[in-house]
Each structure stands twice: as C-alpha cells, then as structure tokens.
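Chemist: Residue numbers (my numbering), protein chains in the order written: chain A, 1219 to 1598; chain B, 1219 to 1598.
Incorrect hints may appear among the rest.
Dumping the calculated EDC-like pairs for lysine to aspartate or glutamate here, alpha-carbon to alpha-carbon at most 20 Å [unchecked claim]:
| # | chain 1 | residue 1 | chain 2 | residue 2 |
| --- | --- | --- | --- | --- |
| 1 | B | Lys1338 | B | Glu1354 |
| 2 | A | Lys1470 | B | Asp1518 |
| 3 | B | Lys1470 | A | Asp1512 |
It should be emphasised that the hints constitute simulated quantities derived from the structure, not laboratory data.
Take a look at the letters that make up each chain.
Protein chains: 2
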Amino acid sequence: MTEPNPESSVGLVTPRIEHFEQAIELDCGVTLDAYDICFETYGTLNAARDNAVLVCHALSGDHHAAGYHSPDDRKPGWWDNCIGPGKPIDTERFFVVCPNNLGGCGGSTGPLAVRPGTGKRYGPDFPIVTVRDWVESQARLADRLGIDTWAAVIGGSLGGMQVLQWAIDFPTRLRHAVVIAAAPRLSTQNIAFNEIARQAIRSDPNFHDGHYYEHDVIPEHGLKLARMVGHITYLSDDVLHTKFGRELRAGKINFGFGVEFEIESYLRYQGESFVGRFDANTYLLMTKSLDYFDPAQAFDGNLTRAVAGCQARFLVISFSSDWRFSPARSREIVRALLDCDHDVSYVDIESDLGHDSFLLPIPQYHKVLASYFRRIEVQA
Amino acid sequence: MTEPNPESSVGLVTPRIEHFEQAIELDCGVTLDAYDICFETYGTLNAARDNAVLVCHALSGDHHAAGYHSPDDRKPGWWDNCIGPGKPIDTERFFVVCPNNLGGCGGSTGPLAVRPGTGKRYGPDFPIVTVRDWVESQARLADRLGIDTWAAVIGGSLGGMQVLQWAIDFPTRLRHAVVIAAAPRLSTQNIAFNEIARQAIRSDPNFHDGHYYEHDVIPEHGLKLARMVGHITYLSDDVLHTKFGRELRAGKINFGFGVEFEIESYLRYQGESFVGRFDANTYLLMTKSLDYFDPAQAFDGNLTRAVAGCQARFLVISFSSDWRFSPARSREIVRALLDCDHDVSYVDIESDLGHDSFLLPIPQYHKVLASYFRRIEVQA
C-alpha cells in the first residue's frame, strides 16, 4: 500500500446540485417529472471540453469521491487514493465528475426526497431504477455540463456495470471505458446474497413497509445485517484470515454471545457504522439494480451482440481473489469485446484483498490505471 | 443420483431416550447434574458387540438419520440414502447408533428442556456445549449400550469434527474414523457467516434475550435469515446456477420486492420451513460449537501433535465444489495424520453440489463409503 499524500489531495470540495425539470421515463414504466442530481467535480474542464472523466459509484458509494467537505473531516472521499493531482486519475489533466445516482441517499432524488405535492418523503414509493436509467440521467448531466464526449467513463463493481451500459447506450459519447471488478450480470449466488440483505431489512419490524421515516425509526438491525453479509463477500477468505485469523478479543473463549473473535467485532462495527450513513430504502433499490443488470438479455443472452455497437476503447480490470465478481466474470466481458474486434486491454491484478481491492491503492493496480490514463489524449 | 429404493429402508423406527444421572462437567465450566440423550438405532448389535457404528450429526441434524417414524411420513431420516440394508452403512452387518447432541432440539436435553427445579425451559441459560462435550456424552451412551469399541464413527461437516475429536479423546474406542466434508477448525470466513446467523437471531425483537418461549413467540425472521445465509454456503455457485440460474418466477421482472428470481423463492422456502422445525437457541449453541472447535489449540496450534495419539484407521472425504469446508481443509487433516504415519485413506469426490454433497447419494461417494465399510471386519 502507498501512504496517502495530503499534498496530492483535491482539497476542499463542495457538492453541487443540478435540478432537472425534464421528465425521465424509467425502465420500470414510472415517469419522474423532475429530479435533482447531486455531484462533485475535481479539476478543470478544458476549452476543448475533451478532458472530462465520469466516475460511477458502486452499491454504497456516493458523489463524494475525492477531497474533503470540511477541514475537520477525518476521511476524504471514497476514491481519494485514485483521484487528485498526480494520482492515477490526474486532476491536473482531467475534469472529473462524480454524481450520486438517482435513487441514492447522498443528495440526488431518491427515497429520502420529498415527493412533489405530498409533503412526504418518497420512501418505498420511489421507483426501482436500473443501470440504464442511471446512464440516461448521467448523459443528461453531461449535456448540462456541456460535455459532449467523456474522455473516459470509469467505475468498479456496480460502477463498472454503468460503464459497460454507457458504452452500449451512448457509443459515441465516451472515448474510453474502464470496467473494474464487474460482471456482465449477477450470478445466482450474487442474487442470493442480495435477497438475504433485502429480507434482513424488510423483516425488521422498524421497516414499516418502508415508511420508517414517518415512525421516526430506522430498520437498523436489518440494515446492519445486510451490510455484514455484504462485507463478507467484499473480502477474500485469505484477507479475513490474515487480518483477523481466529484472534480472540479477550485472549480466551468466554462461552457467551458477546464479541469473542476479532472478526465478530469488525463485522459488528462495519454494520453499525453503515446504519448511520446509509438509507435502507436506497440499499434495497441498489440491490435490485444489481440483480436486474443484464445487457445481453435484449440479445437472447448474447453479450457479444450486446456490445457489438460499442466504439469506446476498453480497459477491463479484475482481482485474483475477488469471489463476488471473480476474474472469470471480467473475462466474459473481455471475450465478448474481443469477439467484436474492439480495442480492449485486460489485466487481472494479483491481490488477496478480494472485491474490495478496487477501492484500495494496490501499487500494481494504480500503476495500470495511471499509465492507461496518461495515454488518453486531451488538448492542453 | 441413484433413485431411492424403499425395499432397502430400515422401515419404521422409534427414538429412544436414555436418562443419565451422572453429572457431566462441560468445557465451559458448568456441570449438568442430569440429562437425557435421545437416539435411534438401526440393525442389530452382534454377540461380539463389535459391529456398532456411531453416526454424528451436523448443525441442523438430529437423531433421526434413517427410516420413518410413521407410515405417513413424507420424508425419511436425513441420511436414509446411506443407512439401511444393502446401503453403504449396511444395517444387515452393522448396528447403527445416531444420538441427538446435547444442547439439541430433537429430544436430548437442550434449551427446550425444562430446567430441574425451575419449572421453566433452560432457554438461553443452557450452557454452551463443545464438540468435546458431545464426544464425552456419546462415550457414556456407548457405555450404556454396552459398546466398548465402535467399529466406526462417522459424520459429515460438524459431524466430521466429532469423529476427529473421538479419535483424539478415545483412541482405543473406535476402529475406524470416517471424517467427511470437515475441517480441523473454522476459517475466519466461516466464523463470520456464523456471526451473521447469530446476529440475525439475536437482533430479532421476538428473541427476548432467548426467553421467547415465555412470550409464546419465536424469532422467526432471525432464524429464517440465519438458515438462508447458511444455505448459500452449503451450495456451490455452480449448482445454484444450474438449479436456478436467473430464471424469473413470473417470466419477467416486475420491479418490486416480491419473489422475482427462482433463487429468491427457494431461499425463502428453505428459511420458512426451518423455522417450524428448529429451535433458535439450539442454532446459536451449534454455531458456537463450530466456532470453538480447534483440537490443535491445546498443542500450540500443531494439528499433527493433536492427532499423534490416534489409533483408528481414517477415511477422509471432501467434495471438489465445497467452499464452506473446501478440500484443502480436509487435506490439512490428512497431512497431520500422515505426518504421524497413521493409516489414512483420502478421496476428493468430484461434485458440483457444494458442501451439501455429503448428504446426497452421489454414486462415486457412496461407492467409496460402501467399499470402505465392506472391509471393516465384524464377527458374524
């Protein structure tokens, strides 16, 4: 791991909100007449407007990808190790845009937003959004910002799915597509884990069919469990072993149900800290977007045909110990792209850190990203 | 898969209960002054008393391993495909004993039992039992039945752990040890999954700190979630894909939170049917027994030294797609036994059915078991 270098931070950033009065018809059939997209930008859009990079966030991410909101912040944005001056996505060269997805809980319109004309939050009535819907809303944000073509669209996990959808839906509006730790669609096991997360949230008595805001509670036990389940799938068996092994909190077994093993303490902490910062209805929506993503479906399950019209150059990255979206899943994407003679680079990064690798400053990974981005041409 | 053959069933069986007034001091320090062990037997103990086989059950198993309790039973015991006349554990030759473990909910003393002198169920006050405690109580049952030495002790998963402990604790009381789909101790990831199961149960408002019987409720949502989490780890990614794929219940996505994918329906069903037949406090105890099992711990983590004194011959079996207790975990056991020059056979069975394989009539697996048991000598 490389040590964080505060010198290379984008510094203090302020989220922006764009309001769209332009109705958006979602995949589910519901039309939103108006909505907000909350986003952050880092770096400067050049005169040619050809240096913009779109960063798509994953399940529990948001628009705050880099820098700090206040000098007192203890932590920077979720991908600060990758975005900044001199970093792989170099803000001295690129203008980086990271929006919170529609349906999110970071400031874009979602379950927490007040539904027009009702005075109440959308809550469970917020429609289920798909990866395609997100890409459409991101394209409209690009229009608003005067960005006709992205130099690159990049994302990991659910973010990588958005990148793939971008390349399919708007082939001429991105020059490079960087798909990290993703899959062309979820496996049955992936869906099974998501279903458990949903059941955990929905069976919490504090869920109140999603109307928990009105009861002034949150389904904290359910959301905590959902996060704990997710967390196991983000980490490899090896890294769990290395980080926690079978270490006992108190040095010995106490024959009780309090925390005994360090891993228990870690999981409980991860679950509890998530409860304070993420909305349960959004979590439910996000898992559904994941389950539904399947761009090959419209082509009789043929991914090659789904990506045939893509024009972007691709960089696909997987991580050796990722068992949530294993390297084999990335290679399905690579194979389909190669079948179409698309320009694709593929790297499987040796890492024992599991799916979480995509968020971490693994030297080999960042080297690959940095050299790829250096070769993306932008006008001065 | 071989078709079930009703001709080879042990037929109608009746559980028996042995009451022990003999105090047992448990690993946790608590002493039980008296307890019951509920068990079933199949076949006949021969005059030489050398044909007895002990079957140890796993996490959610019980004493009902074979045959039927009533002619109306829709399903036989949990290992009926393996135990019976002409089956791998052939009841024409062997006298098979299967007890419900102490702390269980099948009839042996556990959380559901009334605590002497209180008129109330033990509930959460039933002490945490370990694999060693079970082996001790099983040895006492053997004494009671007049079995000095088992022809074999056999079990899968948590049952396999009991077999290993038997060979360590009572080296002269078993001639063969058959350890299936087990591990010498849980991995960090295994503990993490158990912890989620426990948190699911314990955070259910109906749990009432384990005193749910007194409130006339059961923590059904929690127990259901625990079982769903477990179930994912019992099956391989491949078998989930083959059995359920991404098939949609209604043929199409309905953008809602009801059952959409077949896998969701399956998991919910598995969870719900478990709630009706298993006690939540017992489930908690069983996961703790799993977490604590670590026979090498007393030998500075050296498994070879832990098994040095074993005298049984071993058959160790793993399944290629088992990711809960992978073949590598079985090989740790095999390596330690070989280091001691013990007599050990090891087979990794090619199967895409995951950890659940140990319960299924996979032809190659049953062939190995059958031929191993045929070679176990017993007097006529």
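Chemist: Please go over all the hints and tell whether each is borne out by the structure.
Modeler: These are the hints, each one checked on the structure:
no., hint, result
1, B/Lys1338 <-> B/Glu1354, "violated (26 Å)"
2, A/Lys1470 <-> B/Asp1518, "holds (14 Å)"
3, B/Lys1470 <-> A/Asp1512, "holds (13 Å)"
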